[in-house]
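Chemist: Sequence:
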Amino acid sequence: AKVKEYNPDTLLAVARGGLTLGHFMAQALDTRRLFALNSIHYEKNSKLDTIEIFNIPDLKSAKRVVIIDDIVDSGETLSEIIQVLQKAYPHCEFKLATIFYKPTAIIQADYTLKEAKEWIDFFWEVDPL
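Heads up: the sequence shown is residues 1 to 129, going by the working numbering.
By construction, these hints were calculated from the structure, which means they are not laboratory data. Heads up, the beta-carbon is just placed ideally off N, CA and C, and yes, glycines get one too. Please note that a few of the clues may not be correct.
[Claimed, not checked] Restricting the straight-line Cα-Cα distance to at most 20 angstroms, the calculated cross-link-like pairs of lysine-lysine (PhoX-like) are: (1) Lys60 <-> Lys87; (2) Lys114 <-> Lys102; (3) Lys114 <-> Lys95; (4) Lys2 <-> Lys95; (5) Lys95 <-> Lys63; (6) Lys4 <-> Lys114; (7) Lys114 <-> Lys2; (8) Lys87 <-> Lys63; (9) Lys63 <-> Lys4; (10) Lys63 <-> Lys2.
[Stated by the list, open to error] Simulated DEER-style distance windows between Cβ atoms: (11) Lys117 <-> Glu76: 16 to 22 angstroms; (12) Glu118 <-> Lys87: 30 to 36 angstroms; (13) Gln108 <-> Glu5: 15 to 21 angstroms; (14) Thr104 <-> Arg33: 29 to 35 angstroms; (15) Lys114 <-> Thr31: 21 to 27 angstroms; (16) Arg33 <-> Asp121: 26 to 32 angstroms; (17) Asp49 <-> Asp9: 33 to 39 angstroms; (18) Lys4 <-> Thr104: 26 to 32 angstroms; (19) Gln27 <-> Asp121: 20 to 26 angstroms; (20) Asp30 <-> Thr104: 34 to 40 angstroms; (21) Phe54 <-> Lys4: 28 to 34 angstroms; (22) Lys117 <-> Arg64: 28 to 34 angstroms; (23) Glu118 <-> Asp9: 33 to 39 angstroms.
Use the sequences and the hints to build the structure in full.
Modeler: Below, the structure is given as structure tokens:
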């Protein structure tokens, strides 16, 4: 299945990992309805005990939302994001799009490209400064 066939009216990138893919998807779908929310579950390469989700955009006018992130690792962060969003916006249908996924995750993306078999260092996470 392809995101284009779903015809989302809103793209929601999970900052920071989903921002790069979100930008490319917004370009490919020719939409400016790209928003971001923040979540914190990892610090460097270590998982934290809690998941923080904040800066949730106003999705009152949305109906079909694709949540975008770089990877579904444990699935805990995206699962929590979906729960928070479904509670706040029960009228919306949410789908997940990621570049990588792990089959052991507690939630799977609706749209994905490749299985992650080891830890991935994304080029946008490298500090060039």
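Chemist: Would you mind marking each hint as holding or not holding in the structure?
Modeler: Against the structure, the hints come out as follows:
no.: 1; hint: Lys60 <-> Lys87; result: 12 angstroms, holds
no.: 2; hint: Lys114 <-> Lys102; result: 9 angstroms, holds
no.: 3; hint: Lys114 <-> Lys95; result: 17 angstroms, holds
no.: 4; hint: Lys2 <-> Lys95; result: 11 angstroms, holds
no.: 5; hint: Lys95 <-> Lys63; result: 11 angstroms, holds
no.: 6; hint: Lys4 <-> Lys114; result: 18 angstroms, holds
no.: 7; hint: Lys114 <-> Lys2; result: 14 angstroms, holds
no.: 8; hint: Lys87 <-> Lys63; result: 14 angstroms, holds
no.: 9; hint: Lys63 <-> Lys4; result: 15 angstroms, holds
no.: 10; hint: Lys63 <-> Lys2; result: 18 angstroms, holds
no.: 11; hint: Lys117 <-> Glu76: 16 to 22 angstroms; result: 19 angstroms, holds
no.: 12; hint: Glu118 <-> Lys87: 30 to 36 angstroms; result: 34 angstroms, holds
no.: 13; hint: Gln108 <-> Glu5: 15 to 21 angstroms; result: 18 angstroms, holds
no.: 14; hint: Thr104 <-> Arg33: 29 to 35 angstroms; result: 33 angstroms, holds
no.: 15; hint: Lys114 <-> Thr31: 21 to 27 angstroms; result: 24 angstroms, holds
no.: 16; hint: Arg33 <-> Asp121: 26 to 32 angstroms; result: 30 angstroms, holds
no.: 17; hint: Asp49 <-> Asp9: 33 to 39 angstroms; result: 36 angstroms, holds
no.: 18; hint: Lys4 <-> Thr104: 26 to 32 angstroms; result: 29 angstroms, holds
no.: 19; hint: Gln27 <-> Asp121: 20 to 26 angstroms; result: 24 angstroms, holds
no.: 20; hint: Asp30 <-> Thr104: 34 to 40 angstroms; result: 35 angstroms, holds
no.: 21; hint: Phe54 <-> Lys4: 28 to 34 angstroms; result: 30 angstroms, holds
no.: 22; hint: Lys117 <-> Arg64: 28 to 34 angstroms; result: 31 angstroms, holds
no.: 23; hint: Glu118 <-> Asp9: 33 to 39 angstroms; result: 36 angstroms, holds
Every hint from the earlier list agrees with this structure, and none is contradicted.
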